[in-house]
Amino acid sequence: DAGVTQSPTHLIKTRGQHVTLRCSPISGHKSVSWYQQVLGQGPQFIFQYYEKEERGRGNFPDRFSARQFPNYSSELNVNALLLGDSALYLCASSNRQGNTEAFFGQGTRLTVV
Amino acid sequence: AQSVAQPEDQVNVAEGNPLTVKCTYSVSGNPYLFWYVQYPNRGLQFLLKYITGDNLVKGSYGFEAEFNKSQTSFHLKKPSALVSDSALYFCAVRDRSNTGKLIFGQGTTLQVKP
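So the sequences go chain by chain: B and Z.
The numbering of the first sequence is our numbering, which starts it at 4 and goes up by one.
The numbering of the second sequence is our numbering, which starts it at 10 and goes up by one.
Read the hints as simulated data drawn from the structure, not as lab findings.
Treat the hints with care, as some may be off.
[To be verified] Some, not all, of what chain Z presents toward chain B, calculated at C-beta under 7 angstroms: (1) 52; (2) 53; (3) 55; (4) 67; (5) 86; (6) 99; (7) 108; (8) 109; (9) 110; (10) 113; (11) 114; (12) 115; (13) 116.
Built from N, CA and C at the ideal position, the CB exists for glycine as well.
For reference, chain B alone in the conformation it holds in the complex:
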C-alpha cells in the first residue's frame, strides 16, 4: 500500500513568490494535517482538514492557506514567501480524528532565497 505521498520533494523559491505543496493521503484516510519543521525544532501544526472541512488552524499568518479535495488529497499554499518560511513541510494523514496515529509523508524541503 502506498503511504502518504508529497510533491515536490525539494523546492527553491525567491522571496515574495508563491508556492503550492501537494499531499496524497493513505487510501481510506479522510484527515490530512500540515506541519512546518524548521531545522533543529519539532514540527509545528499549521492546518488540519477532515472530510474536506478545516478543523484546526495553528498560529501561522494568513499567507498560509490550504484546502482538501473530494478525493481527500490536499494542497498547502504559501503567499509572499519570506526567508523564514524555509523549512521541511510535512503532511500527515489518519483515518479519523482522536486516538489514531498520524502517518507522515517524507516532506517537502522548501528553501526561500
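Position chain Z relative to chain B; hints supplied.
Just chain Z now, with coordinates in the frame of chain B:
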C-alpha cells in the same frame, strides 16, 4: 498552555545497553501520547502510542514507553540499543479537542555507538 518537553538534546548509549529518551508534557485533561522517529531528510515514522490502559506500551522495533500520570511523563525505552536506532526522536501529545493537532517536543538525537 499545552507543551511537550524533551529535556535532553542528545542521548548517547553503547550498543547493547538499555536506552531511555525522556518526555514530559503539560496538557489539560487526559491526552493521547505518541512517539515518532525521524531519519535524516525523511518524514516521521510512528513508533507507539498511549491512549488508555496499561502504563507500559510496546511499539515498533522493540521500543516501549512508560506512561506516568502523576509525573506527566512518557519516557521511551529499549532494553538493548542497536546502532541502527541512531536517529531523531520526537514525543507528541494530541489534545482531545476536535482539531487533531499534535504538539511535538523539540526532539532528542539518539546516538548509539558500536
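Results for each hint:
{"no.": "1", "hint": "52", "result": "4 angstroms, holds"}
{"no.": "2", "hint": "53", "result": "4 angstroms, holds"}
{"no.": "3", "hint": "55", "result": "5 angstroms, holds"}
{"no.": "4", "hint": "67", "result": "14 angstroms, violated"}
{"no.": "5", "hint": "86", "result": "19 angstroms, violated"}
{"no.": "6", "hint": "99", "result": "6 angstroms, holds"}
{"no.": "7", "hint": "108", "result": "3 angstroms, holds"}
{"no.": "8", "hint": "109", "result": "4 angstroms, holds"}
{"no.": "9", "hint": "110", "result": "5 angstroms, holds"}
{"no.": "10", "hint": "113", "result": "3 angstroms, holds"}
{"no.": "11", "hint": "114", "result": "5 angstroms, holds"}
{"no.": "12", "hint": "115", "result": "5 angstroms, holds"}
{"no.": "13", "hint": "116", "result": "5 angstroms, holds"}
Hint check: violations occur at hints 4, 5; the rest are consistent with the structure.
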